[in-house]
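S.K.: Protein chains in written order, with this note's numbering: chain A, 36 to 316; chain B, 36 to 316.
Calculated directly from the structure, the hints in this document are not laboratory data.
A couple of the hints might just be wrong.
Because identical chains cannot be distinguished in the list, a pair is counted as satisfied if it fits within a single copy or across any two copies.
Keeping only pairs whose Cα atoms sit at most 25 Å apart, straight-line, the calculated SDA-like set for lysine to any residue is [unchecked claim]:
1. K263 x P125
2. K238 x E228
3. K263 x L231
4. K263 x E283
5. K263 x I153
6. K263 x G276
7. K263 x G232
8. K238 x G255
9. K263 x G220
10. K238 x R42
11. K238 x R294
12. K263 x L97
13. K238 x G48
14. K238 x I153
15. K263 x E100
Just so you know, these numbers come straight off a predicted model, no measurement behind them.
2 protein chains.
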Amino acid sequence: MGRPMARNLLAAGFDLTVHSRSPDPVDELVEAGASRASSAAEVARASDVTITMLPDTPDVELVLEGAEGVAAGAAERSLVIDMSTIDPQPARRLAAAFAERGIAVLDAPVSGGERGAIDATLSIMVGGEDHAFERARPIFEALGRTIVHVGPSGAGQVCKACNQLVVAATIEAVAEALALAERSGVDAERVREALLGGFAGSKILEVHGRRMLDRTFEPGFRARLHAKDARIVLEAARDVGAVVPSFEVVAAQLDRLVRDGGGELDHAGLFTLLAPPAAAT
Amino acid sequence: MGRPMARNLLAAGFDLTVHSRSPDPVDELVEAGASRASSAAEVARASDVTITMLPDTPDVELVLEGAEGVAAGAAERSLVIDMSTIDPQPARRLAAAFAERGIAVLDAPVSGGERGAIDATLSIMVGGEDHAFERARPIFEALGRTIVHVGPSGAGQVCKACNQLVVAATIEAVAEALALAERSGVDAERVREALLGGFAGSKILEVHGRRMLDRTFEPGFRARLHAKDARIVLEAARDVGAVVPSFEVVAAQLDRLVRDGGGELDHAGLFTLLAPPAAAT
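For reference, chain A alone in the conformation it holds in the complex (with noise of 0.2 Å):
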């Protein structure tokens, strides 16, 4: 996600310094005008804005909070805008920590794979005070297309954890409505037809029914990283007392895909485990 979203930042004319642990993207991007770091920390210290893009919660206090990390060159009213999807508690901490010297924090999960990141369409969910949000938004103006400040600090986390939920859980919906019409002898391609026109229809029904329907299920965003996202989502349901009673099957689903080896398919691979892997009509 953070190489093509970087590029749109110098397309938009941002200034870029550029640290990654992966060098190949880094090349990429120095080609293509940005400057290269050798730390997140040095990252900190050249920019007014940081932004990190990591794969889970660990990698981002790391990358905070590390040796060497954004913290250790941050100056005082700089900002630091963390756009990979984490719990929502330690993004409300690190916001914390980091006010505490002076750097306001955004918590600024994304959705919308890395098609949207690509085309700057991504839906980003903002958590954080206002004016670093009205700092921070010609840089969402150049990544995304719907940008909504969620609310305080935490919020962007919650909302993204609240999206995770329902897509997970509609294409787990989706899967077994497909797999039963399927399994009882009837075109599963009129039944989604049929659903579409309705209060059945979704976003979900037309392209992941589609996928499941087509068995095609190269990502798209990779159940591994879906089954990553439903712990966050039981873990901040848990944190406060919410009850997730049906997400918690289609988590479990989640997990089951990546045991039995489906954790580089497409989410919408969660209709493997339900039907076979040809039409049975």
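Chain B: place on chain A using the hints.
M.R.: For chain B alone, kept in the frame of chain A given last:
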């Protein structure tokens, strides 16, 4: 549902003979130009095409096969259209039994609710023979907008079961997400807004998500009817050995809502099992 559908048939110029256990709708329809019959058999004797719209499987079996039922009056080469939502298996059995007497039966359950019945915008999911479907088409066109011939007998009911599965599971997912947002102290309005633009977007998030945040649960579609349809989904899945793990939880939530006295609420009332009556934010 039957009354507004009958009105639309009259408005489209069909000669209509009506019977119901409840006298009021019959009086009203007779006033509007329909003829009155004293039994289902009498309706069938007077008609080339007999339509039934009833609450559940036993009602349909009674009205089609019971004493003074449709079978007692229907002529050879007449057509029976059952627009009730029932199990696929009895729908197939009834079609086979009537076929032996030269009478075609279509299963043609609808979605779209009372609003769709009044506005003639129902989705109609049809199972049965091609020639019977073609014969019924002008009738369907007077009643609905999305008319899909899904497949042979029972296919309409399977499709409706798939529809009810996806609708209830999506409502539950949206309810779990919005309740999580509220419990996290995050503005659930903004979460809904942020999610509508992306892959979490659906008619359910739009319409039922709105009802949840407004705490307005006038039906719409009653939870007790969806609980009944959920039992049909589980039955249909069991019949063909399909697994519907997340929907099992959704069906249990619907039953719980009905047990808790929420059966007359709109099915968006699933939210009340997860969130307090007033927003926690």
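S.K.: Sort out which numbered hints this structure fails and list those numbers smallest first.
M.R.: 10, 11 and 13
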